[in-house]
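Just so it is clear: in the sequence shown, position 95 is 95 by the working numbering, and no numbers are missing.
Any given hint could turn out to be false.
What follows is a set of in silico ranges between Cβ atoms, one per label pair, in the way DEER data are often shown [claimed, not checked]:
#, residue 1, residue 2, range
1, E28, D249, 49 to 57 angstroms
2, R134, R275, 44 to 52 angstroms
3, Y272, A189, 19 to 27 angstroms
Keeping only pairs whose Cα atoms sit at most 25 angstroms apart, straight-line, the calculated SDA-like set for lysine to any residue is [to be verified]:
#, residue 1, residue 2
4, K35, S164
5, K215, S164
6, K101, L113
7, K30, Q104
8, K30, P4
9, K30, R131
Bear in mind the hints are in silico, worked out from the structure with no lab data behind them.
Ideal placement from N, C-alpha and C gives every residue a C-beta, glycine not left out.
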Amino acid sequence: MRSPGTPPKHIAIFVHPEIKLDDPTLLEIKSYLMKDGLTSVFAASGDDQEFRNRISTGEFDVVIALGGDGTMLRAGRLCAQCNIPVLGINMGHFGFLMELKFGQWRTALPRLLSGDYLLEDRMMLQVEHWRSSRLIESWEALNDVVVSRGKYVRPIRLSASVDSNPLYSLIADGLIVATPTGSTAYALAAGGPILAPELHNIMVVPLAPHLSNNKAVVLASSSVVTISVHTNHEAVLSVDGHVPSSMVDGDFLRVTASANFVSFVRFQDPGYFYRNIISFIGQNPIANDLE
1 MRSPGTPPKH IAIFVHPEIK LDDPTLLEIK SYLMKDGLTS VFAASGDDQE FRNRISTGEF
61 DVVIALGGDG TMLRAGRLCA QCNIPVLGIN MGHFGFLMEL KFGQWRTALP RLLSGDYLLE
121 DRMMLQVEHW RSSRLIESWE ALNDVVVSRG KYVRPIRLSA SVDSNPLYSL IADGLIVATP
181 TGSTAYALAA GGPILAPELH NIMVVPLAPH LSNNKAVVLA SSSVVTISVH TNHEAVLSVD
241 GHVPSSMVDG DFLRVTASAN FVSFVRFQDP GYFYRNIISF IGQNPIANDL E
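Turn these sequences into a full structure, and let the hints steer you where they fit.
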């Protein structure tokens with residue numbers, strides 16, 4: 001972790017689309033920040049294109065993500081491009097990535113405005129979808145990219161290499177390529193190891209391989225991971241859980257470490273991660289949601 005330097009003067013609130021802009025908690029946070037010396041606090045839905053444009057110009061010193069882990073991922077990917085730190089305030093149910101639980105912001109925001117916090121830099125992935133020699137699309141991922149079977153409940157054939165050296169050749173439901181942040185998400189559910197967030201590694205985890213090696217592999221951040229799809233039915237890829245994109249026979253992904261990183265605002269000491277992971281393991285987020 002590192003010091004932020006000067007206290008923030010320009011703050012924006014990145015709001016989950018389902019949270020109304022007249023939500024009492026949002027208005028209270030905004031009012032609190034204004035009373036504590038800020039001349040303006042901008043709040044908008046994360047889907048607001050004008051807001052996204054303003055973030056991309058580097059207009060703000062800190063962005064507060066108000067929602068759940070999905071909101072934190074969306075805000076993080078956007079803010080990484082202009083090196084704006086993100087503070088997560090949980091208004092969802094699980095909130096593993098969020099720094100503050102609901103109701104904790106009153107004690108934390110004075111520390112934010114005085115510069116009494118640390119920044120935790122998290123690596124991202126650069127993901128490219130290729131068809132022959134044509135680049136179809138590219139993305140950045142904070143959690144992971146998943147290549148998997150589509151609507152047909154049939155495994156697909158996959159091959160993966162690292163720096164042009166063969167790694168996997170298997171029939172499986174898919175493969176996950178994850179960051180240390182993503183190691184506690186889908187990759188963990190698939191049997192992968194937990195990586196500390198400050199590490200700079202790329203992890204590859206097979207999904208339900210049939211009669212094949214099912215061991216996850218942790219790679220150096222300098223590695224180039226290539227995943228090729230061999231199938232006569234639908235295969236898809238999804239970046240950080242977004243709407244999937246179709247892949248056809250012969251398509252491949254090229255995955256590397258991104259040049260950008262996401263900075264999370266932290267008020268806790270570096271040992272927070274181990275305390276949190278122990279408290280979260282064994283919980284069922286869907287059960288919590290139903291409660």
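Q) Which hints from the list above does the structure break, by number from lowest to highest? A) Hints 4, 9 not satisfied by this model.
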